[in-house]
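Asker: As they're listed, the protein sequences go chains A and B.
Heads up: the first sequence begins at 1 in our numbering, then just goes up one per residue.
Heads up: the second sequence begins at 1 in our numbering, then just goes up one per residue.
One thing to keep in mind: the hints can contain errors.
As the list claims (entries may be wrong) - List of simulated lysine-lysine pairs, BS3-like, C-alpha gap at most 30 Å:
| id | chain 1 | residue 1 | chain 2 | residue 2 |
| --- | --- | --- | --- | --- |
| 1 | A | K219 | A | K388 |
| 2 | A | K36 | A | K219 |
| 3 | A | K245 | A | K212 |
| 4 | A | K116 | A | K36 |
| 5 | A | K116 | A | K324 |
| 6 | A | K175 | B | K334 |
| 7 | A | K191 | A | K36 |
| 8 | A | K190 | B | K310 |
| 9 | A | K324 | A | K389 |
| 10 | B | K310 | A | K186 |
| 11 | A | K116 | B | K310 |
| 12 | B | K334 | B | K310 |
Unchecked claim - Beyond 12 Å from chain B on every Cβ pair, some chain A residues (computed):
| id | residue |
| --- | --- |
| 13 | F23 |
| 14 | E134 |
| 15 | V173 |
It should be emphasised that the hints constitute simulated quantities derived from the structure, not laboratory data.
None of these values were measured; they are calculated from a predicted model.
Quick reminder that beta carbons are idealized off the backbone N, C-alpha and C, glycines included.
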Amino acid sequence: MTTETTHETDIVGRGNRDGAQLFRDWFAELGQTAEKGDQSAYVFVMGSMNEILKTFDLPVVFPEINSLQTAVRRVAGDFLSEAEDYGYSPDICGYVKADVSVQLRGGEHPMGRIPKPSIAVLTNACNTYVKWAEIWERMHGCPMFTLDVPGTRQAGTQTWPGDPDFENDRRYVQKQTQELIALCEKVTGKKFDIDKFREILGYANAMSVGWKRVIEANKATPAPFNALTDGTIFLGVANGFRGTKEGADYFNDLVEEMEYKAANGIGALAEEIYRLVFIGVPCYPIFRRFNELFSEWGGSFINSTYLWFASGGSNLGFEYDLNKPLESFAEGTLISVRDAMDSMFHQDRMLVDMVDEYAVDGIVYHPIKSCRTVSTGLADSRGYFATKKDVPSLFVESDMMDSRVISEAQMKNRIDAFFEGLASRKQQAAIAGKEG
Amino acid sequence: MSVFNEWRDQPLDEIMYHCRELVEDTNFPTIKRWREQGGKTLGHFQVYFPEELAHAAGLMPIKMCGTMLEPNNADSHFGSYLCSIIKTSLEAALSGGIELDVFVSHPICDAARNLAAIFGRNFDYPCQILYLPQNPNSSESANWLRDEYNRMRRLIEGVVGHEISDEAIARSIDVFNENRSLMRELYDIKRETPWLVTADEAYALVAIGGMIPREEHNELLVAVLPMLRERETRQEDRIRVVFEGAFCEQPPLDLIRMLGRTCYVVDDDFLVGMRYILEDIPATDDPVFALAEAYIEQSSYSPVQHDNRKPKEDMLLKRIKGSEADAAIVAAAKMCEPGLEEQVAYIHMLDEEDIPYFVSEFEENMSSFDQLELQIETFLENILFA
Numbered sequence: 001m002t003t004e005t006t007h008e009t010d011i012v013g014r015g016n017r018d019g020a021q022l023f024r025d026w027f028a029e030l031g032q033t034a035e036k037g038d039q040s041a042y043v044f045v046m047g048s049m050n051e052i053l054k055t056f057d058l059p060v061v062f063p064e065i066n067s068l069q070t071a072v073r074r075v076a077g078d079f080l081s082e083a084e085d086y087g088y089s090p091d092i093c094g095y096v097k098a099d100v101s102v103q104l105r106g107g108e109h110p111m112g113r114i115p116k117p118s119i120a121v122l123t124n125a126c127n128t129y130v131k132w133a134e135i136w137e138r139m140h141g142c143p144m145f146t147l148d149v150p151g152t153r154q155a156g157t158q159t160w161p162g163d164p165d166f167e168n169d170r171r172y173v174q175k176q177t178q179e180l181i182a183l184c185e186k187v188t189g190k191k192f193d194i195d196k197f198r199e200i201l202g203y204a205n206a207m208s209v210g211w212k213r214v215i216e217a218n219k220a221t222p223a224p225f226n227a228l229t230d231g232t233i234f235l236g237v238a239n240g241f242r243g244t245k246e247g248a249d250y251f252n253d254l255v256e257e258m259e260y261k262a263a264n265g266i267g268a269l270a271e272e273i274y275r276l277v278f279i280g281v282p283c284y285p286i287f288r289r290f291n292e293l294f295s296e297w298g299g300s301f302i303n304s305t306y307l308w309f310a311s312g313g314s315n316l317g318f319e320y321d322l323n324k325p326l327e328s329f330a331e332g333t334l335i336s337v338r339d340a341m342d343s344m345f346h347q348d349r350m351l352v353d354m355v356d357e358y359a360v361d362g363i364v365y366h367p368i369k370s371c372r373t374v375s376t377g378l379a380d381s382r383g384y385f386a387t388k389k390d391v392p393s394l395f396v397e398s399d400m401m402d403s404r405v406i407s408e409a410q411m412k413n414r415i416d417a418f419f420e421g422l423a424s425r426k427q428q429a430a431i432a433g434k435e436g
Numbered sequence: 001m002s003v004f005n006e007w008r009d010q011p012l013d014e015i016m017y018h019c020r021e022l023v024e025d026t027n028f029p030t031i032k033r034w035r036e037q038g039g040k041t042l043g044h045f046q047v048y049f050p051e052e053l054a055h056a057a058g059l060m061p062i063k064m065c066g067t068m069l070e071p072n073n074a075d076s077h078f079g080s081y082l083c084s085i086i087k088t089s090l091e092a093a094l095s096g097g098i099e100l101d102v103f104v105s106h107p108i109c110d111a112a113r114n115l116a117a118i119f120g121r122n123f124d125y126p127c128q129i130l131y132l133p134q135n136p137n138s139s140e141s142a143n144w145l146r147d148e149y150n151r152m153r154r155l156i157e158g159v160v161g162h163e164i165s166d167e168a169i170a171r172s173i174d175v176f177n178e179n180r181s182l183m184r185e186l187y188d189i190k191r192e193t194p195w196l197v198t199a200d201e202a203y204a205l206v207a208i209g210g211m212i213p214r215e216e217h218n219e220l221l222v223a224v225l226p227m228l229r230e231r232e233t234r235q236e237d238r239i240r241v242v243f244e245g246a247f248c249e250q251p252p253l254d255l256i257r258m259l260g261r262t263c264y265v266v267d268d269d270f271l272v273g274m275r276y277i278l279e280d281i282p283a284t285d286d287p288v289f290a291l292a293e294a295y296i297e298q299s300s301y302s303p304v305q306h307d308n309r310k311p312k313e314d315m316l317l318k319r320i321k322g323s324e325a326d327a328a329i330v331a332a333a334k335m336c337e338p339g340l341e342e343q344v345a346y347i348h349m350l351d352e353e354d355i356p357y358f359v360s361e362f363e364e365n366m367s368s369f370d371q372l373e374l375q376i377e378t379f380l381e382n383i384l385f386a
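Next comes chain B alone, as it looks inside the complex:
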């Protein structure tokens, strides 16, 4: 079934308009359309979830990554000193905006690890934690994760009422391999020809994947990527910047749009969970093990996972050098403890490497950017005219 058709047969600018509108629509129309057609949904909180498991069962995986909603219903369920995404993700469910059949969260941080319990006290559908290895360096982690994924598979089978075959999972891996490949291509465009796609356009094109069936997302990207490459936009003399700090809560689209006006965002960790697996997952006789192994061996990084092989400051440096960026914006969502902690390590590394950086905090619900824009423009001008 199809849930997002507004973009079809439209010129590029019109397509981008519809994509941005959908990303900011707090009525979640595509999810409603899916459910109106009898579809079931699995909501998963940031950062990464093996969506292939839900997809293979015929569920639509929905990325619960906060919204622009005011947490009017959710506020009373929380105390103070918390990030916004925790509250608005619950709000999306409590307000009826996002109806689910399963909710899954991961112990990515001290706040988020409470979410499954909170959802579980408020909804009758299964609300579970999926454990992703916090010790990926253990020789047992991939085997264990396969069994943990199989446990999740059984839970989903109970929800849909039928078995999920290995063949179905293998087919879903193919769909997601294509999807990840298309997103990598989009990021290639960002890195190589950033003037062809603005920061907010690229963001919207990725974010939509978390709210429509992945086959539709593939169709959209297949149509849009060549259009982007053919765009006749002139290259400008702008600073190339890496944005780091959006692995969980997302900056508002207007903030990203503002960044796109002032610099070229050539790489970032926006919605990094959707792009967490960096290469195609190989076809094997045990597709669940392949999924698990990919998480351990072929994945990106974020402040919420420790891996001896991936010191975060080294990974950021690699991202900066790999995208030939001139500077970094090291951001953190307000009250995001892992993000704020990582900022310190990033800053010390950037100082040592003599790479210019701008430190900032954001919140998904912020609506005024004048001061921030002025600060960033000043920062960038200092580099440009240094």
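One chain only, chain A, in its complex shape:
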């Protein structure tokens, strides 16, 4: 065995292996927290405020991740039914309902026991966050804190530091951050440690920079990772371990792996024929199968808006200024969470900017019943994108939790037809190339 081969064996696939291990460790720790009755914070992926909560040593629980795990493990149906029996409509977000059942079961979850919340922290990036946290407020009597992050008012009108409108928003976010810190002090009985906060921001910086580089590594052909399947593992670490040394180390390693694979032509697919961008939230109830419906045709997901918005906008790679931690945290939160929202509401513009750079062959829009934040504008956005770029797209509806609204056969028909169109298009382009 050559040194090169050994290195390749060590490095290729490390992100998935280590990510899975970190996940198991995280849930084991949450289980211990639950057993001991210790404090925890419930947070969400778009603006988790992990940097502040970690400063207070609060273990973080991401109920969105807990819920999607029930779907991936194919037990979501029981959880959804229980919440519906409790009174929640079939038309309510499946994540919310699965979590309601977890709460009703005293934290029982397929990955271990989930502790009760001592505090719920959320942003306004998704309105269901607010309604969801209100449920915990009622069930557990815990305080909920909504950090209100004003987003883009109109496509293309984002403001930046120095602009009076931006500064107004930043003041608001910074004041709320200080109010959140005061609330955490009250809940935990601990004083805020600015030096610890600064250290945590440093780790978060490393992760954001790493996340951006990882995503950019997929400009390579073939793309080194699958944005839908591998990307979801990376995303889990990006959220759960934000602001930690383990998270920073993981992303340093991940950058190394992806850049190694890109440099050596190692792709996520053995034979990458079509480079696809995924728009929306994955179809977790048939997570692997959904991807296979594309990979069987040589379709590889090389990017995804999910990697953008579900990382809270970390894909921007914003780095906090450690000399001005509170001011910079407010600025970073404002810019990053705003970008996460833009990835959902104005992604058409982002796609126009990136399809050439990533050599995209097709776009897959996946609106889902459960998430109106992500799904409401997709049909319109698709129509707009079609007027700007000659890139084929597929529009396939299902859900991220509820297998009752997923028809795999119907989905396969549409996906097959999409690839037949892509194949014909490639053929025609090849013929035109020869004739030209």
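Place chain B on chain A using the hints.
Answerer: For chain B alone, coordinates are given in the frame of chain A:
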């Protein structure tokens, strides 16, 4: 300029007929008349918008709260699993029924927060989000909101081509203070003497305010309220009911009429955004701050805003007790996630308080109420003969 004159010099029943007709008219004649006379319009989606800012600029604020139109043009812009109001509000604009110079929406829910982007991809006029604080408990929220309102003020100034002075905004606040006061009086009549005004009449009288200049609305209410008080309608032995769940999408007028036939709707959240500010906004040197502060400190509630001071179930209980209602109809528009989520909390509270309630879903375009009427009658009879 005047856009709604059909009611003038008419007896009460005739006035109410014209009001109901206008509310259901999908040709939006008053908006067309306004524009034919050179007027500009700002359409704002549910729930609340500080209309004084548009009014002070000479724009007519139009409440975009869905219509009875079939979304033939709008359907292709949306996927499945969405409420109707999202689609029909876009339809009203795409079909040319409502022509606008500015469109504003608010991130009230996951679906609606997409609307400004969707409008923006389809129309050339400014289509913006106005952020209203989702953290009204922050000590900075009123200051921030003042600046956000001033940002909106600058946008509107760009549309009308002139400055909006503080004095003009103060004058508009006066007009709207009068308007809100008149609507409060209408609701007093509903609560105190519900037999004098039917549910659909009260609804139409409020809804019209969203489609005509507010001065005209004031004129209408000033004329109608005394007529209502003088009405010689006999009190009947009916159950007093609060209707909750119409903070955004509105039930069709026929459904409200059906309710009015079966019970006294003594309070509700129909078009609550028009009545969101509960008291007169005081005259100050900084009228924009006064507007912002009123939103934070003097406002009603709805499922789409969290305020630590206003747990929704407590607010509903207050509404029920304040109107001496016997029961509640806890409704939600189909596919309305915040409404459906709030239903669960409401129901648990009503169970604890032992208050009878009826749970239902509606859609603005529904046209058959026979089954619903039967169910509600049965529910009410159970209370009446318990």
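Asker: A separate judgement is required for each hint: does it hold in the structure or not?
Answerer: Evaluated hints:
no., hint, verdict
1, A:K219 - A:K388, "holds, 21 Å"
2, A:K36 - A:K219, "violated, 46 Å"
3, A:K245 - A:K212, "holds, 18 Å"
4, A:K116 - A:K36, "holds, 11 Å"
5, A:K116 - A:K324, "violated, 34 Å"
6, A:K175 - B:K334, "violated, 38 Å"
7, A:K191 - A:K36, "holds, 23 Å"
8, A:K190 - B:K310, "holds, 29 Å"
9, A:K324 - A:K389, "violated, 42 Å"
10, B:K310 - A:K186, "holds, 22 Å"
11, A:K116 - B:K310, "holds, 24 Å"
12, B:K334 - B:K310, "holds, 25 Å"
13, F23, "holds, 27 Å"
14, E134, "violated, 6 Å"
15, V173, "violated, 9 Å"
The structure is inconsistent with the numbered hints 2, 5, 6, 9, 14 and 15, although it conforms to all the rest.
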